[in-house]
Amino acid sequence: MKLLKFSTAGSVDDGKSTLIGRLLYDTGSLTEDQLEAVEAASKRKGFDYLDLSLLTDGLSAEREQGITIDVAHIYFATANRKFIIADTPGHVEYTRNMVTGASNSRLSIILIDARKGVIEQTQRHFFIANLLQIPEIVVAINKMDLVDYQQAKFNAIKEAFLQFTQGFPNFKQNITFIPISSLKGDNVVNESENMPWYKGKSLLHYLENVDVNSYVNKKDARFPVQYVIRPHSEEFHDYRGYAGQVISGAFSVGEEVTVLPSQQKSKVKQVVTFDGDLEIAETNSCVTLLLEDEVDITRGNMLVKTANQPQIDKEITADICWMDTQLLVQGGKYLIEHSHNLIKAMVREVDYIVHTSTLKKDTETKTIKLNDIARVKIKTAQPLFFDAYEQNQANGSFILINEQTKNTVAAGIIV
Amino acid sequence: MSSNHLKELEEESIYIMREVAAQFERPALLFSGGKDSITLVHLARKAFYPAKFPFPLVHIDTGHNFPETLTFRDQLVGKIGAQLIVRYVQDSINQKKATEETGKYASRNSLQTVTLLDTIEEFKFDACIGGARRDEEKARAKERIFSVRDEFGSWEPKRQRPELWGHLNGMINYGENVRCFPISNWTELDVWNYIKQEKLNLPSIYFTHQREVLIRDGQIFPYSEFLNMDGEEISTQDVRFRTVGDMTCTAAVSSTAGTLDDIISEIKSSRISERGARMDDKRSEAAMEKRKLAGYF
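Going down the list, the protein sequences come from chains A and B. Going by my numbering, the first residue of the first sequence is number 1, and it counts up by one from there. Going by my numbering, the first residue of the second sequence is number 1, and it counts up by one from there.
Simulated from the structure, these hints should not be mistaken for laboratory data. Do not take every clue at face value.
[Stated by the list, open to error] Keeping only pairs whose Cα atoms sit at most 30 Å apart, straight-line, the calculated DSS-like set for lysine-lysine is: (1) A:219 <-> B:268; (2) A:344 <-> B:158; (3) A:267 <-> B:52.
Predicted, not measured: the structure shown is a model, and the values here were computed from it.
Please model the entire structure based on the sequences and the hints provided.
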């Protein structure tokens, strides 16, 4: 059984909660006490229907205002797959939450109300999925029951969607269109009898079968050292193990590695795990590497193959999503967290701020506010060992931290 | 069923454990003796092998524990050679920092917060690893993996830090601390499947046994000297516990499940959620959120 993390974005009006509720309900993932709690709360609020958003809007403030404010995580499983939904709000003032939810997702569901078609919010949702290069996008055209399940309506929206996405960079994203009705259940879990013209599969069928490993970078071996293991025991005298996750590529016993930034060379002596040694440390595995030679290595150093090294530079160009209420000003100093290095950094230049639905670039404004997406140049006090995000998501992403408040203030994508 | 997704969850948890050890000076692992914290201990052993994990276990003892849990705790600690710190809710009550609840629903569950915060203060812990899962409860579904708490231990849902990709920001100001949740993305069933896969031992009360119980509000309560009785009748039934907390707020389920396989199929077919047996959550729609705001786990 595989794991699929996907994100949804939208507000109550789009039928997002109904869709999630439907996925949970029709897969038998809701329990009686959860349903009873929703029934009781719906009744108290005077609704004559089940308000399934009460399942996902976990904060009192969200339930009071009837909106999703923060990312919620929802879990369900079928016989074939385990799913984690990052459920995010859809309005522009929550762009940062959408970026957060999408950053850990391999698939994004964009909901469209069939009566309204492509609207500004749709464009923003696609913008974010495109910016973060989510490999799989499902455009779920919802409320088909309210447009008499017309094929023409579906086709027109699909056409309009493909039209506006033409101006976007193509990151080999697969886009799949599915006509659904979350309220009536058409094409969510079960295939619809109301739309014989639709030859595709239901949403759940798609989620269960989509290839989730296609995006894995197996080429560029990168091992950022997370923690140095030193047992200080008789049995493991002088033991120095480098613990971390292989974020891309793989490392085999006997292979030559180069340590960054020192450029020292050694060979992999042992790949250690609690469950026994391995011959090869595969992509995404969390292991401890031992090297043949005594080399000075600390957290934030990176092991790579000598013949395939990342870029090493103190200057990067990046797209950032600003997540703080305090403005970013050109020349502002922050800490950058990249592959376990925490380094002083300065936003040297704001190239432009991009409007998330028109794609218009504003090159005049040099201060960035909450939820803005901007192209910037950053200078760091120490060199980073990085790849472009397009090649390597883990080694091409970073966060900025405000040194005073200690808050995470930006998500960054290295271009 | 292949265990592919369990491997993925395990890798994520090990990654988080190592981030905690690397980013904080004085972390601790909050250990209740329940299945989730037993799973955490196992993951911590894996994360730092062959070294011992670099933090103590901390047990906040309500004094209303199931004796089976305490026996199990001491055996486990002895076996793996971990350091164990125990602090008692009774001491907080004696020091007049906490007040015993009264009435038939009296429980020491929420009093644990007082003792926990004092313990954090005493040892200057800057990070506490906990076994909370997002699938447990809707307020927990909003929780971060690194959850920053102010010096009163309060959770501020509106000030939560965004968590992007694998970047965990554990930077804090003096006096603040962080709750870290390595099994955030696990479900109850994942935990049970993992316990089976890894052949972990559990306290006996998770498996069917005969116990003196009473029925209160439709729930099966374990009879104990700590329970304020309200004229209920005591009977002996075949029960097990699905979640293990304070004896006064944890209800049992009627069950004859005696093996991990029995338990897994019982949970799969159950129509009641895990925390459906926790009276502490039934106090109001926002019961968990309120306790978290006050510094609960």
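Going down the list of hints, with the structure as the test:
1. A:219 <-> B:268: violated, 40 Å
2. A:344 <-> B:158: At roughly 27 Å apart (the allowed maximum being 30 Å), residue 158 of chain B and residue 344 of chain A satisfy the hint.
3. A:267 <-> B:52: holds, 26 Å
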